[in-house]
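**Student:** Sequence:
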Amino acid sequence: MNTPLPRATRILRNNPECDDTIALTYDDRLLRRKKLTSASGVSFLVDLAEVTSLNHGDAFELDSGKSVGVVAASEDLLRITGDLTRLAWHIGNRHTPCQILEDYLLIRSDHVLADMIGKLGGSVTPVSEPFRPEGGAYGHGRTFGHDHGSHDHVGHGHAQHKQASS
2 MNTPLPRATR
12 ILRNNPECDD
22 TIALTYDDRL
32 LRRKKLTSAS
42 GVSFLVDLAE
52 VTSLNHGDAF
62 ELDSGKSVGV
72 VAASEDLLRI
82 TGDLTRLAWH
92 IGNRHTPCQI
102 LEDYLLIRSD
112 HVLADMIGKL
122 GGSVTPVSEP
132 FRPEGGAYGH
142 GRTFGHDHGS
152 HDHVGHGHAQ
162 HKQASS
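In this text, residue positions in the sequence shown follow the working numbering: the first is 2, and each later residue adds one.
No lab work stands behind these hints: they were computed from the structure. A portion of the hints provided could be inaccurate.
What the hints assert, rightly or not - Simulated crosslink set (SDA-like; lysine to any residue; CA at most 25 Å straight-line):
hint, residue 1, residue 2
1, Lys36, Glu51
2, Lys120, Lys67
3, Lys67, Leu46
4, Lys35, Lys120
Fair warning: this is a prediction, and the values are worked out from it, not measured in the lab.
Generate the whole structure from the sequences, applying the supplied hints.
**Tutor:** The following block contains the structure:
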């Protein structure tokens, strides 16, 4: 007979004391419902009320009373040096997640962006390390794309947009 998996229905933010850990990439730290396995081999079911962005240092609270700490896993990134203000502007203009540090920027490995950074005078070095990019500017933990709200065409068509931008 199958034993039900322990369930995690609650996240403990900035929880330093944990019974176990799990290493998750940036993409894997965005979830709602998923079966995971901790570093010690304990499987559990994440069953959150809504899609949640997890940070390094957060923890899953299991219904067994145990907690499993989230560790940002190493992943393939690009370390960027140069005129960081200018380069960060161009990266942000593409809605690309970026980790900003004192002497360099980190983005996910992307040959198109690496080429752009090089053309802008920056240096790019492939690295493998944990990725903890900046959160969104409007109180969201992540940047998801370029959506500034509803854009239906009730009462007008595309022609009005062309006139407005002329």
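**Student:** Each of the hints needs a verdict: does it hold here or not?
**Tutor:** Tested hints:
{"no.": "1", "hint": "Lys36 to Glu51", "in the structure": "holds, 15 Å"}
{"no.": "2", "hint": "Lys120 to Lys67", "in the structure": "violated, 50 Å"}
{"no.": "3", "hint": "Lys67 to Leu46", "in the structure": "holds, 13 Å"}
{"no.": "4", "hint": "Lys35 to Lys120", "in the structure": "violated, 41 Å"}
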